[in-house]
Amino acid sequence: MVRDTFSAFHPLVNLLYFTAVIGFSMFFMHPVFLAVSLVNAVLYSVFLGGKKAVRTGLLYLLPMAFIAALLNPMFNHQGVTILTYLPNGNPLTFESVVYGIAAAAMLITVIAWFCCWSAVMTSDKFIYLFGRIIPALSLILSMALRFIPLFRKQIKIISNAQKCIGYDTGSSIWRKIKHSTKILSILVTWSLENAIETADSMKHRGYGLPGRTAFSIFRFEQRDKYAITYILACTVFVIVGTAAGAYHFRYFPSIRGQWTGSYTIAMFIVYLALCALPLTVNLKEAIIWKRIQSKI
Numbered sequence: 001m002v003r004d005t006f007s008a009f010h011p012l013v014n015l016l017y018f019t020a021v022i023g024f025s026m027f028f029m030h031p032v033f034l035a036v037s038l039v040n041a042v043l044y045s046v047f048l049g050g051k052k053a054v055r056t057g058l059l060y061l062l063p064m065a066f067i068a069a070l071l072n073p074m075f076n077h078q079g080v081t082i083l084t085y086l087p088n089g090n091p092l093t094f095e096s097v098v099y100g101i102a103a104a105a106m107l108i109t110v111i112a113w114f115c116c117w118s119a120v121m122t123s124d125k126f127i128y129l130f131g132r133i134i135p136a137l138s139l140i141l142s143m144a145l146r147f148i149p150l151f152r153k154q155i156k157i158i159s160n161a162q163k164c165i166g167y168d169t170g171s172s173i174w175r176k177i178k179h180s181t182k183i184l185s186i187l188v189t190w191s192l193e194n195a196i197e198t199a200d201s202m203k204h205r206g207y208g209l210p211g212r213t214a215f216s217i218f219r220f221e222q223r224d225k226y227a228i229t230y231i232l233a234c235t236v237f238v239i240v241g242t243a244a245g246a247y248h249f250r251y252f253p254s255i256r257g258q259w260t261g262s263y264t265i266a267m268f269i270v271y272l273a274l275c276a277l278p279l280t281v282n283l284k285e286a287i288i289w290k291r292i293q294s295k296i
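Sequential numbering of the sequence shown, starting at 1, is according to my numbering.
Hints were generated in silico from the structure; no laboratory data involved. As the structure is a prediction and not an experimental result, all values here were calculated from the model. Take the hints with a grain of salt, since some may be wrong.
Derived DMTMM-like pairs: lysine to aspartate or glutamate, alpha-carbon spacing no greater than 25 Å straight-line [stated by the list, open to error]:
id : residue 1 : residue 2
1  : Lys182    : Glu193
2  : Lys153    : Glu193
3  : Lys203    : Glu193
Full structure from sequences and hints, please.
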């Protein structure tokens with residue numbers, strides 16, 4: 001995994017950014033907005049995850065998007081441009097096909113942004129932001145967020161240990177089921193022991209006692225002020241533009257929307273600047289690092 005400069009920003013910056021881009025991605029269906037958000041989400045996800053993110057996208061996201069784009073015209077028959085008729089007699093419209101593609105793009109975009117969220121917004125950042133406001137809920141959420149990766153890592157450790165002592169899955173289905181059941185039993189036992197150890201650790205560290213302080217490595221720096229100002233300015237600009245009617249797009253009954261106009265084009269540019277913030281920060285850091293290396 002490469003070093004991500006944007007992840008080193010203050011947790012509040014990361015939270016505001018992902019709240020803005022995920023919220024806009026869920027509600028904006030304009031093709032330009034969808035394309036901008038999709039491209040930046042996929043690029044940032046690949047930047048964070050590398051080959052693993054590409055493999056996940058090819059194996060899961062693309063088939064999911066294809067199914068979503070295929071199912072929508074089969075059940076949604078709105079639109080005035082009829083392409084053909086399905087075997088059941090319902091029309092297949094151009095508008096429903098385009099809307100299905102847009103909905104699939106939105107689905108991939110939101111999932112990709114949430115993948116970036118899980119990589120950047122770690123449990124310690126979440127506890128830092130919400131630990132004093134809602135301590136119990138923040139603790140539960142942080143433990144839940146680490147639940148799946150922790151269990152996946154432990155399953156791999158148990159499986160490798162079983163193979164080392166000769167308990168392989170074998171070729172028969174019965175042996176695979178028996179071996180999987182044994183791994184699950186070991187995992188449940190480990191999880192119960194780990195829960196007891198976690199509870200004892202929290203008790204001895206004074207969790208829940210009044211006046212208890214918490215160590216934090218996060219510091220609000222000057223760059224964080226600039227980043228928050230930048231994110232809020234872009235977000236407010238896009239929201240105001242939407243409220244003023246500069247953003248409008250519909251798919252039914254016919255495809256109509258705003259593509260030109262000074263404010264509309266400005267919204268596209270500002271939204272691009274907002275979505276590209278992490279990549280821009282990392283690109284700027286890489287350029288500065290290259291200049292430093294060239295001077296050595």
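We went through each hint and held it up to the structure:
| no. | hint | in the structure |
| --- | --- | --- |
| 1 | Lys182 - Glu193 | holds, 17 Å |
| 2 | Lys153 - Glu193 | holds, 16 Å |
| 3 | Lys203 - Glu193 | holds, 15 Å |
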